[in-house]
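These protein sequences, in sequence, are chains R and W.
Oh and the first sequence: position 146 is 146 in our numbering, straight run, nothing missing.
If you want our numbering, it's the position in the second sequence, counting the first as 1, plus 1000.
Simulated from the structure, these hints should not be mistaken for lab results.
Heads up, a few of these hints could be off.
[Said to hold, decoys possible] Sample of chain R residues facing chain W (criterion: CB under 10 angstroms; computed from the structure):
#1 K50
#2 V94
#3 L104
#4 V123
#5 L183
#6 M187
[As the list claims (entries may be wrong)] Pairwise CB distance ranges, derived in the manner of DEER restraints:
#7 R:Q54 <-> W:L1172: 53 to 59 angstroms
#8 R:G103 <-> W:L1223: 47 to 53 angstroms
#9 R:Q54 <-> W:M1281: 28 to 34 angstroms
#10 R:T48 <-> W:I1031: 31 to 37 angstroms
#11 R:E58 <-> W:L1305: 47 to 53 angstroms
#12 R:K66 <-> W:E1268: 35 to 41 angstroms
Glycine included, each C-beta is placed from N, C-alpha and C at the ideal position.
Residue strings, one per chain:
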Amino acid sequence: MMGGNMKGGWFRGYAIVYLLVLYAPIMLLPIFAFNDSAIVSFPLAGFTTKWFTQMAGEPTLHDALKNSLFIAVSTAVISTLLGILAARASTRFVFPAKGAIMGLIMLPLVLPEIIAAVSLLVVFLGIGIPLGLITIILGHVLVCTPFSIAILSAAFQSLDKSLEEAAYDLGETPLSTFWLIILPLVMPGIISSLLITFTISLDEFIMAFFLGGTNVTLPVYIFSQFRFPQSVPVIMALGTLLVLLSITLLAIAEYFRRRGIAKTGGKNTGGFL
Amino acid sequence: MSGNQSSGARSGSLGRSEAKSGLMLISPTAIFALLLLAAPLATIIAYSFMADGYLTIIPQFQMCNYIGTCASYEMKDGVLTAAKEYKGVFSDPLAQTLLVRSLGVSLMVTLVTVVLAFPVAYFVSFHVAPERKSLWLFLITIPFWTSYLVRVFLWKVILGYNGVINSALMGLGIINEPITALNYNVGAIITTLAHAYAPFAILPIFVALEKIDRSFLEAGQDLGESAFNTFRRVTLPLAMPGVISATLIVFIPTVGDYVTPNLVGGPEGKLVANLIQLQYMKLDNYPLGSATAVSAMLLVAVVSLIFLFLNRRYLRGPK
């Protein structure tokens, strides 16, 4: 490792430049959010907070925010519940067609989202389910469950099976064992899953765009505003707040994910995926 | 009941009770995926072989949504009559152009993303202290989760006429007039998508590199191999499963990206997702939209399978 220092130096430089490029667009957000010009371009004008004030007085934005929060909370709860069941089943039990079933459940992770969205759309319209918040939630749960499973599998994987067996020997039922022993141990993973799925749902556009009918979520509102150049600075202000919120939620999620893995004695393999 | 469970480990019925418990536990999630993923996908495959009626789908088998010329039906005096004609996906030059362009864009994005990501994954796995690896991965993943729409839009600001790049170049006196060729073309789509999918490429490669037994590399160097040859003959082949999953995890979803071509692609940079949206939402032609979606899926599946086949020797696992 010591001998690799020189080479590590070049790689480190590259990795740092890579990170800077990765963050460059987000860095522009606050710059334009506080820029006193209706046109989002350089050179910059002066400092202003008027875009934030203007944003606060936007009634459609309030509705979009309410819709988004309702959808994101529901999505987080449902997809985490489905994720708990699937992650527990796949890490603890051997059952027929496991690969095929898990493959189907995890498919939305790679399936082009527009295909999942239009196929849900034709089914909802075909059986007469009116488009609205519920249909968006169903779409979001489909997208979020694989992420929940990926996070929770790591938590369940590292559980020591002998703890569970000890509980059975002491007369606990499978249900009470799950409730008393397993759930507390994977709780950090569950919190992490709730936060991540909430963040994904809050940011998801395609499903909300296709399955929302006339209901507007935050990303759908943002997308509609891109057509009007004069409302772009307000979107920059909104984007700044959303990015701050996402980073905060993700940092908390990462804290719980690591705590969960440490708690169950597993090895931290890094990222969420 | 609980007695059965605990003695299950000793009795011969272990396999069956395990299978039952496992299936019971996974059934809610599996049924959800069956109803909201498998059934809808089956529906659009079925629709793609049916005829387009006014606000209805007419269940008569036909291939013309894929090859040949189709007709949309309308109610006239209580009778369904063929009204408007349109071409199937593989007979329509526009659909073909968009499919080929989408495929090309995805392949370029995948190549750029994976090649640029590899050194970063390598750095984090080989040159970062174990306790700081999580922090690096966290920093790499954060931009991926934050405001996808706004990030795509910001590329417009970066590449635009009065954008960051043009102002910087003009400020430095390198150019006198803004370059218009930066934005609203396929290159802008590739840049934006490669940026958006970067973390997706880094993580699988990192995981594969982490699994490499470091003593293999020392052995290589002890036997007189140069550092470069050790990398080429030991590290890279062992990292290939990660590179392959990175490739697929970037390639497959990017083919269907809707937002990026819409915002930075300009009129000449539309991709197949825009066509699907147009056919479903604007033309209201579900059979044709379904045929386009199914064709895109098939194309992605075929290219992915060819790619997996070409790399099969890396996926066999240790001998």
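Verification of the hints:
| no. | hint | verdict |
| --- | --- | --- |
| 1 | K50 | 19 angstroms, violated |
| 2 | V94 | 6 angstroms, holds |
| 3 | L104 | 5 angstroms, holds |
| 4 | V123 | 5 angstroms, holds |
| 5 | L183 | 14 angstroms, violated |
| 6 | M187 | 18 angstroms, violated |
| 7 | R:Q54 <-> W:L1172: 53 to 59 angstroms | 34 angstroms, violated |
| 8 | R:G103 <-> W:L1223: 47 to 53 angstroms | 41 angstroms, violated |
| 9 | R:Q54 <-> W:M1281: 28 to 34 angstroms | 31 angstroms, holds |
| 10 | R:T48 <-> W:I1031: 31 to 37 angstroms | 53 angstroms, violated |
| 11 | R:E58 <-> W:L1305: 47 to 53 angstroms | 48 angstroms, holds |
| 12 | R:K66 <-> W:E1268: 35 to 41 angstroms | 39 angstroms, holds |
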